[in-house]
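Engineer: Each residue of the sequence shown is one higher than the one before, counting from 1 in full-length UniProt numbering.
Keep in mind that the hints were calculated from the coordinates and are not lab data.
The beta-carbon is built from N, C-alpha and C at its ideal position, and this holds for glycine as well.
Fair warning: there could be bad hints in the mix.
Unchecked claim - Lysine to any residue pairs mimicking SDA-like chemistry, simulated, CA-CA at most 25 Å apart:
no. : residue 1 : residue 2
1   : LYS167    : GLN207
2   : LYS56     : LEU234
3   : LYS56     : LEU93
To be verified - Each pair of labels, with its calculated beta carbon distance range:
no. : residue 1 : residue 2 : range
4   : ALA279    : PHE306    : 37 to 43 Å
5   : GLY348    : ALA318    : 25 to 31 Å
6   : GLY208    : ILE265    : 41 to 47 Å
7   : GLY321    : ALA279    : 36 to 42 Å
8   : THR35     : ILE265    : 16 to 22 Å
9   : THR35     : SER55     : 17 to 23 Å
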Amino acid sequence: MRDFWKSGDPYAWLTGAALVFSLLMVGGLLLLIITKGLGFFWPSRVVVITLKDGSKYMGQEDGSEHIPTPEARGSTKKYRIRLKIGNRDLYGLDFRWTDKDDIVTTTYPSDAVIIERTEWGNMYGLIRAVNDGGKPLASGHDTSAAMLKALLPENKKLRKKISTLEKDILGGISTKIEQLRLQLNSLGKDDTQSESQRIKTDIETLQGQYNDKEAGLVKLKQTLGATTVVMQSLEGTVKDIPLSSVVRFYEPNDMGVLSKTGVYISKFWEFISDQPREANTEGGVFPAIFGTVFMVLVMSMVVMPFGVLAAVYLKEYARQGLMVKIVRICVNNLAGVPSMVFGVFGLGFFIYGIGGTIDLLFFKSALPTPTFGTGGVLWASLTLTLLTLPVVIVSTEEGLAAVPQDIKYGSLSLGANRFETLVHIIIPAAMPGILTGLILAIARAAGEVAPLMLTGVVKLAPSLPIDTSFPFIHLERKFMHLGFHIYDVGFQSPNVEAAKPMVYMTTFLLIVIVVFLNLTAIRIRNHLKKKYTSSAF
Numbered sequence: 001m002r003d004f005w006k007s008g009d010p011y012a013w014l015t016g017a018a019l020v021f022s023l024l025m026v027g028g029l030l031l032l033i034i035t036k037g038l039g040f041f042w043p044s045r046v047v048v049i050t051l052k053d054g055s056k057y058m059g060q061e062d063g064s065e066h067i068p069t070p071e072a073r074g075s076t077k078k079y080r081i082r083l084k085i086g087n088r089d090l091y092g093l094d095f096r097w098t099d100k101d102d103i104v105t106t107t108y109p110s111d112a113v114i115i116e117r118t119e120w121g122n123m124y125g126l127i128r129a130v131n132d133g134g135k136p137l138a139s140g141h142d143t144s145a146a147m148l149k150a151l152l153p154e155n156k157k158l159r160k161k162i163s164t165l166e167k168d169i170l171g172g173i174s175t176k177i178e179q180l181r182l183q184l185n186s187l188g189k190d191d192t193q194s195e196s197q198r199i200k201t202d203i204e205t206l207q208g209q210y211n212d213k214e215a216g217l218v219k220l221k222q223t224l225g226a227t228t229v230v231m232q233s234l235e236g237t238v239k240d241i242p243l244s245s246v247v248r249f250y251e252p253n254d255m256g257v258l259s260k261t262g263v264y265i266s267k268f269w270e271f272i273s274d275q276p277r278e279a280n281t282e283g284g285v286f287p288a289i290f291g292t293v294f295m296v297l298v299m300s301m302v303v304m305p306f307g308v309l310a311a312v313y314l315k316e317y318a319r320q321g322l323m324v325k326i327v328r329i330c331v332n333n334l335a336g337v338p339s340m341v342f343g344v345f346g347l348g349f350f351i352y353g354i355g356g357t358i359d360l361l362f363f364k365s366a367l368p369t370p371t372f373g374t375g376g377v378l379w380a381s382l383t384l385t386l387l388t389l390p391v392v393i394v395s396t397e398e399g400l401a402a403v404p405q406d407i408k409y410g411s412l413s414l415g416a417n418r419f420e421t422l423v424h425i426i427i428p429a430a431m432p433g434i435l436t437g438l439i440l441a442i443a444r445a446a447g448e449v450a451p452l453m454l455t456g457v458v459k460l461a462p463s464l465p466i467d468t469s470f471p472f473i474h475l476e477r478k479f480m481h482l483g484f485h486i487y488d489v490g491f492q493s494p495n496v497e498a499a500k501p502m503v504y505m506t507t508f509l510l511i512v513i514v515v516f517l518n519l520t521a522i523r524i525r526n527h528l529k530k531k532y533t534s535s536a537f
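Generate the whole structure from the sequences, applying the supplied hints.
Structural biologist: Rendered as structure tokens:
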């Protein structure tokens, strides 16, 4: 028995078992996230249940659970179902729990309709008519449904046109007016009166353009809002829904698998390409996707050169001694500092220190409204750079140490100086190790939330960090992040139960993005490793 333990086989088996157990846990977690998230978009059937007391409810079944009973063990288990009844403007809530024992009948009416709206959640009921300015365009279920399906594509185009007019055109004009106003405020006593008059004339011209575009916007909204859909709830309440607030319309009980698949794809595409709505519990998460990827790219472009330069100095140029050992210990200790500490440092040093100084020197005319002296994607990226810098330094040093000394001495003996050897021989050969540090940095930075809450992330960003306005890339703007979106929707939402599927789906999307970024870096690393292994070694 003693020889058996000394052989090391039990430890190998224990290590393998621990690995299998860890993989099973990760796989189970991923399976839970995928099933809970991807199932959110499937258009399940609309059910009408009748209870013993005669009351009826319409909605979609959204799971069931065991009811804890105080009876002794061995008693019959009782269950209840959760029904998503929607119609929040009528009932004030999205879900209703119902005991299965209280249900008398369950039916699936073929004329049941779901209308997804920009506000107040889904509308469950029966479609009665479509009106335009109070005049009926269609009446009855079949005719009204056909008319609504025909109007929705044009409705979508008008909504997109309105959004473009509001954000791009009117937003661009407003930005130019604000820039001219700041330029006018910054004029000193030595500036000529003609310069001031020229700026005022430009502002008046832009203001005239803004008023014209705004009048056109009002007309578009009036055209879109004139058409209404008359819906009737199960208990008979009639509701006029403006066509401008209708996102999607479908009849799940009268749809086949192919039709439901089309709706599923449409809803999934909306999720990854559209703006959020209803306190981030509905709609899409495209701004959060863009903000996450953009922040990680900015962080990577900063952490790579600084991390590599620090590692090269410590490994190749610094005299190895007590001071270098202390520096290495400090670098390793930085990797264990809580991320919130980095967030507090970023808030004080980057935002209040550097950002406030930049505002005083270059954006004084905009004060007291800060430009760089407030949270933004630049300061968040720099904060995460400090957070991930120790990982890059350590990995780069290990990569430099792995380069054979014979290659280094061979280059020097052939006449190359120390810098040429470093640039053309050592760093390319150590690039796989350097990229390993970048991969670890990306994996950690993409999922961090705590420091971002202090340095620039927000619940809803009015605009992306990149747009068509000069200088096109706006690093001072606040941004959305998938990790913070998960926290906000899951814990800060006024309608947590309705937001649960959104939390799972956003989590799945964040995992996919992190894996994609890592796989891209891994592929580059493997390519460089193959290239320099075959050519240099």
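Engineer: The structure should be examined with respect to each hint, and the outcome stated for every one.
Structural biologist: Okay, the hints, checked on the actual structure:
no.: 1; hint: LYS167 <-> GLN207; in the structure: holds (16 Å)
no.: 2; hint: LYS56 <-> LEU234; in the structure: holds (8 Å)
no.: 3; hint: LYS56 <-> LEU93; in the structure: holds (16 Å)
no.: 4; hint: ALA279 <-> PHE306: 37 to 43 Å; in the structure: holds (39 Å)
no.: 5; hint: GLY348 <-> ALA318: 25 to 31 Å; in the structure: holds (30 Å)
no.: 6; hint: GLY208 <-> ILE265: 41 to 47 Å; in the structure: holds (44 Å)
no.: 7; hint: GLY321 <-> ALA279: 36 to 42 Å; in the structure: violated (58 Å)
no.: 8; hint: THR35 <-> ILE265: 16 to 22 Å; in the structure: holds (18 Å)
no.: 9; hint: THR35 <-> SER55: 17 to 23 Å; in the structure: violated (32 Å)
Checked against the numbered hints given earlier, this structure breaks hints 7 and 9; the rest are met.
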